[in-house]
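Protein chains in written order, with my numbering: chain Z, 2 to 404; chain C, 2 to 404.
Because the hints were derived from the structure by calculation, they are not lab data.
Incorrect hints may have been included.
[Unchecked claim] Beta-carbon label-pair distances, calculated as ranges:
no. : chain 1 : residue 1 : chain 2 : residue 2 : range
1   : C       : Glu230    : Z       : Lys87     : 25 to 31 Å
2   : Z       : Met2      : C       : Glu58     : 55 to 61 Å
3   : Z       : Glu390    : C       : Gln44     : 30 to 36 Å
4   : Z       : His380    : C       : Lys55     : 39 to 45 Å
[Claimed, not checked] Pulled a few chain C residues facing chain Z out of the computed Cβ check, cut under 8 Å:
no. : residue
5   : Met2
6   : Tyr29
7   : Ile35
8   : Asp47
9   : Ser68
10  : His108
11  : Leu234
12  : Gly247
13  : Ala253
14  : His380
15  : Pro382
[What the hints assert, rightly or not] Think about it this way: if two alpha-carbon atoms lie no more than 27 Å apart in a straight line, the pair counts; the simulated DSSO-like pairs of lysine-lysine are:
no. : chain 1 : residue 1 : chain 2 : residue 2
16  : C       : Lys86     : Z       : Lys87
17  : Z       : Lys22     : Z       : Lys55
18  : C       : Lys123    : C       : Lys22
19  : Z       : Lys383    : Z       : Lys288
20  : Z       : Lys86     : C       : Lys86
21  : C       : Lys87     : Z       : Lys86
22  : Z       : Lys90     : C       : Lys90
23  : Z       : Lys87     : C       : Lys87
24  : C       : Lys55     : C       : Lys273
25  : C       : Lys123    : C       : Lys277
26  : Z       : Lys87     : C       : Lys90
C-beta atoms are modelled at their ideal positions from N, C-alpha and C, and glycine is treated no differently.
Number of protein chains: 2
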Amino acid sequence: MIYFDHAATTPLDPRVFEAMKPYFTQWYGNPSSIYRFAQKARQAIDDARERTAKILECVPREVIFTSCGTESNNFFILGAAAAYKKFGKHIITTKIEHDSVLKPLEHLESQGFEVTYLDVGKNGIVDAEDVQKALRPDTIFVTIMYANNEIGTIQPIQEISRVIEYYSKTHPQPSILNPSPLFHTDACQAAPYLDISVKNLGVDAMTLNGGKIYGPKGVGALFIREGVELTPLLFGGGQEYRKRSGTENVPAIVGFAKALSLVQSDRKIETKRLLKLRDKLINGILKKIPESRLNGDSKNRLPNNINVSFRGLEGEAILLRLDMLNIAASSGSACTSGYLEPSHVIRAINSNSEWTHSSTRFSLGHGNTEEEVDFVLKHLPKIIQELREISPFSSGETYGFPR
Amino acid sequence: MIYFDHAATTPLDPRVFEAMKPYFTQWYGNPSSIYRFAQKARQAIDDARERTAKILECVPREVIFTSCGTESNNFFILGAAAAYKKFGKHIITTKIEHDSVLKPLEHLESQGFEVTYLDVGKNGIVDAEDVQKALRPDTIFVTIMYANNEIGTIQPIQEISRVIEYYSKTHPQPSILNPSPLFHTDACQAAPYLDISVKNLGVDAMTLNGGKIYGPKGVGALFIREGVELTPLLFGGGQEYRKRSGTENVPAIVGFAKALSLVQSDRKIETKRLLKLRDKLINGILKKIPESRLNGDSKNRLPNNINVSFRGLEGEAILLRLDMLNIAASSGSACTSGYLEPSHVIRAINSNSEWTHSSTRFSLGHGNTEEEVDFVLKHLPKIIQELREISPFSSGETYGFPR
Chain Z
2 MIYFDHAATT
12 PLDPRVFEAM
22 KPYFTQWYGN
32 PSSIYRFAQK
42 ARQAIDDARE
52 RTAKILECVP
62 REVIFTSCGT
72 ESNNFFILGA
82 AAAYKKFGKH
92 IITTKIEHDS
102 VLKPLEHLES
112 QGFEVTYLDV
122 GKNGIVDAED
132 VQKALRPDTI
142 FVTIMYANNE
152 IGTIQPIQEI
162 SRVIEYYSKT
172 HPQPSILNPS
182 PLFHTDACQA
192 APYLDISVKN
202 LGVDAMTLNG
212 GKIYGPKGVG
222 ALFIREGVEL
232 TPLLFGGGQE
242 YRKRSGTENV
252 PAIVGFAKAL
262 SLVQSDRKIE
272 TKRLLKLRDK
282 LINGILKKIP
292 ESRLNGDSKN
302 RLPNNINVSF
312 RGLEGEAILL
322 RLDMLNIAAS
332 SGSACTSGYL
342 EPSHVIRAIN
352 SNSEWTHSST
362 RFSLGHGNTE
372 EEVDFVLKHL
382 PKIIQELREI
392 SPFSSGETYG
402 FPR
Chain C
2 MIYFDHAATT
12 PLDPRVFEAM
22 KPYFTQWYGN
32 PSSIYRFAQK
42 ARQAIDDARE
52 RTAKILECVP
62 REVIFTSCGT
72 ESNNFFILGA
82 AAAYKKFGKH
92 IITTKIEHDS
102 VLKPLEHLES
112 QGFEVTYLDV
122 GKNGIVDAED
132 VQKALRPDTI
142 FVTIMYANNE
152 IGTIQPIQEI
162 SRVIEYYSKT
172 HPQPSILNPS
182 PLFHTDACQA
192 APYLDISVKN
202 LGVDAMTLNG
212 GKIYGPKGVG
222 ALFIREGVEL
232 TPLLFGGGQE
242 YRKRSGTENV
252 PAIVGFAKAL
262 SLVQSDRKIE
272 TKRLLKLRDK
282 LINGILKKIP
292 ESRLNGDSKN
302 RLPNNINVSF
312 RGLEGEAILL
322 RLDMLNIAAS
332 SGSACTSGYL
342 EPSHVIRAIN
352 SNSEWTHSST
362 RFSLGHGNTE
372 EEVDFVLKHL
382 PKIIQELREI
392 SPFSSGETYG
402 FPR
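Construct the complete structure from the given sequences, taking the supplied hints into account.
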């Protein structure tokens with residue numbers, strides 16, 4: 002099989018699995034227990050937290066382990082909304098966030114919050130100036146992803162954090178207790194390839210996810226800058242500095258930290274390797290397949306992301322043909338495939354429906370080789386040609402799909 | 002090591018780990034992806050759900066997988082409160098629930114909900130008649146645990162569900178849309194030993210936890226009866242029938258179902274085996290150690306739970322001595338140890354502080370043997386005697402600890 006769907010989920014790195022194993026069967030104690038046997042589990046969590054904090058350039062108690070990226074995003078969004086609503090009910094985000102950001106925001110709208118959804122350019126990148134224009138005295142937080150899961154575009158997180166800082170300095174808040182608007186970023190897709198130092202990025206909160214970094218599923222992290230108070234999502238035994246209750250998932254936490262260390266220490270070499278494959282695949286597709294188009298900026302994108310559209314076609318049909326050749330790729334984001342609606346991300350950068358339905362994502366990773374790229378380049382043109390021959394929408398006359 | 006802390010967490014059953022392994026490294030696909038490779042993961046989740054539903058005697062879509070027992074409890078409590086608050090803001094529970102029930106309820110109180118905390122008898126069991134008396138037209142739900150995590154007492158769940166049903170029949174609700182008060186039970190501790198058929202129990206919702214049934218940590222389940230609408234805790238990609246978003250933790254879900262099957266199919270034999278050990282340990286302690294006392298009912302308790310107090314002593318000191326002999330036991334619940342406050346459960350059944358500080362829990366499990374019980378019976382009397390000799394509170398004259 003050719004696995005080109007690393008943005009949906011990554012295989013577990015065997016080194017990560019090895020690191021996890023002893024905590025399944027040998028050191029299975031509950032980290033909150035006081036005897037020495039359970040302290041082995043406690044120590045493992047402490048080590049994982051320190052290791053993660055070192056990579057993020059923060060202090061360990063600013064790292065909260067959660068059950069996934071979705072929980073981290075929900076925890077920040079719902080937790081900050083509940084804790085800061087006394088200061089305002091305005092939130093800023095973009096139209097291309099992941100559903101685990103957009104859906105809790107929709108929920109907040111039904112509770113009386115007001116959300117500004119910023120447009121992105123045709124290149125799939127938000128303009129920091131648009132953030133500046135949207136900031137208001139009642140803005141409590143801004144949440145903008147670091148790199149997009151579908152089209153891989155990298156957002157100007159540092160610029161946005163400077164814009165927010167500048168706004169706070171020049172616009173004193175109505176209450177002395179009201180901090181400047183918080184800035185959260187979802188870095189799930191960025192973590193294997195980009196600098197995730199929260200010091201460099203200037204964010205107040207950041208989401209990470211084990212299942213996208215060759216770590217285990219079922220574990221995530223939320224960096225929360227000291228002093229930021231979030232209302233918990235999970236109340237109970239008071240684990241994770243009373244911010245997230247529930248018996249700690251020790252093997253998964255150990256695996257998360259190990260995986261993060263591995264991807265971050267290899268990220269420059271891996272980026273260089275994947276850039277070559279990515280650009281070969283993009284250029285090959287655009288050259289060999291007529292009426293094909295790259296979605297998202299060609300430079301400012303993750304080194305593993307290829308997202309292309311083929312005029313007049315339907316993404317699912319392409320995926321099924323690829324699957325017959327044992328190529329795993331994706332259309333829209335994995336979480337929402339199975340629905341016929343075109344992806345909200347593709348619609349945000351391209352309103353023409355003869356292009357939006359066919360977006361196809363190849364997301365590369367560890368095991369992928371140039372031979373695999375060549376294999377796709379050999380077969381994809383035929384697939385597209387065959388589909389166009391049978392498609393009722395390929396004549397070039399029928400614009401727009403039935404909805 | 003003698004592990005007598007199975008109520009804090011159980012070791013992972015090697016058969017469960019074997020069942021999980023292929024989903025870490027081989028079938029790592031995202032279950033929401035449409036290609037065949039990922040459908041292996043989807044199939045594994047479907048199978049796990051069917052297997053779980055069969056044990057619970059419900060339909061598969063009534064089983065929602067979560068990240069732990071704490072999440073399941075929070076999901077029911079916060080989700081039902083948000084969804085049903087239009088019909089009332091009154092909730093009934095007991096004073097001996099787990100913190101993952103009590104803390105979200107406290108949070109709801111701060112949001113204008115009213116919670117009735119029922120007393121339990123000296124035996125640690127709630128009276129179903131007290132539930133009946135507490136029910137009101139604005140009661141939206143009742144949440145009472147199946148078996149207590151600290152003292153192992155089994156609550157009369159069937160009786161309580163009949164009481165609620167009777168109340169609903171005889172007291173028409175103010176709104177036709179308002180269902181009868183929902184009944185939720187936390188069955189985390191009960192699952193390895195008791196009948197957990199939701200049909201027999203008559204509950205509308207039930208919490209289960211992988212880490213207490215020889216399954217993996219980081220996974221739980223919530224049974225939600227069809228027709229019960231809970232506001233989600235985690236919004237996003239719409240996994241788990243749109244009730245709980247987040248990429249499914251496939252190996253953990255597979256492990257959960259496998260573990261639940263194993264404990265439930267062995268439960269009668271294991272109960273019989275543990276009852277002998279439990280009663281030998283209880284009777285031995287009470288006979289050999291002066292001024293010792295069993296906490297909770299002697300008959301109506303889990304077959305693996307021994308919870309005893311030693312007049313005038315402090316639980317942590319006992320645990321440390323046991324630890325020196327490589328015996329892992331617990332004082333209070335694991336989630337809250339490390340705090341000096343005596344357990345809220347022990348206080349609920351025993352207000353005399355010369356007894357409440359020394360509650361010590363031995364919770365037995367799979368690997369435990371009669372030799373281990375004998376070992377504790379040999380050493381514990383000496384430990385208690387030595388501690389009493391050095392304790393300033395052991396003279397029998399000083400009642401009450403400094404707080």
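Hints and how they fare:
no.	hint	result
1	C/Glu230 to Z/Lys87: 25 to 31 Å	holds, 29 Å
2	Z/Met2 to C/Glu58: 55 to 61 Å	violated, 39 Å
3	Z/Glu390 to C/Gln44: 30 to 36 Å	holds, 34 Å
4	Z/His380 to C/Lys55: 39 to 45 Å	holds, 43 Å
5	Met2	holds, 6 Å
6	Tyr29	holds, 5 Å
7	Ile35	holds, 6 Å
8	Asp47	violated, 14 Å
9	Ser68	holds, 3 Å
10	His108	holds, 6 Å
11	Leu234	holds, 6 Å
12	Gly247	holds, 4 Å
13	Ala253	holds, 5 Å
14	His380	violated, 15 Å
15	Pro382	violated, 20 Å
16	C/Lys86 to Z/Lys87	holds, 22 Å
17	Z/Lys22 to Z/Lys55	holds, 24 Å
18	C/Lys123 to C/Lys22	violated, 46 Å
19	Z/Lys383 to Z/Lys288	holds, 14 Å
20	Z/Lys86 to C/Lys86	holds, 20 Å
21	C/Lys87 to Z/Lys86	holds, 22 Å
22	Z/Lys90 to C/Lys90	holds, 25 Å
23	Z/Lys87 to C/Lys87	holds, 23 Å
24	C/Lys55 to C/Lys273	holds, 24 Å
25	C/Lys123 to C/Lys277	holds, 24 Å
26	Z/Lys87 to C/Lys90	holds, 23 Å
Checked against the numbered hints above, the structure violates hints 2, 8, 14, 15, 18; every other hint is satisfied.
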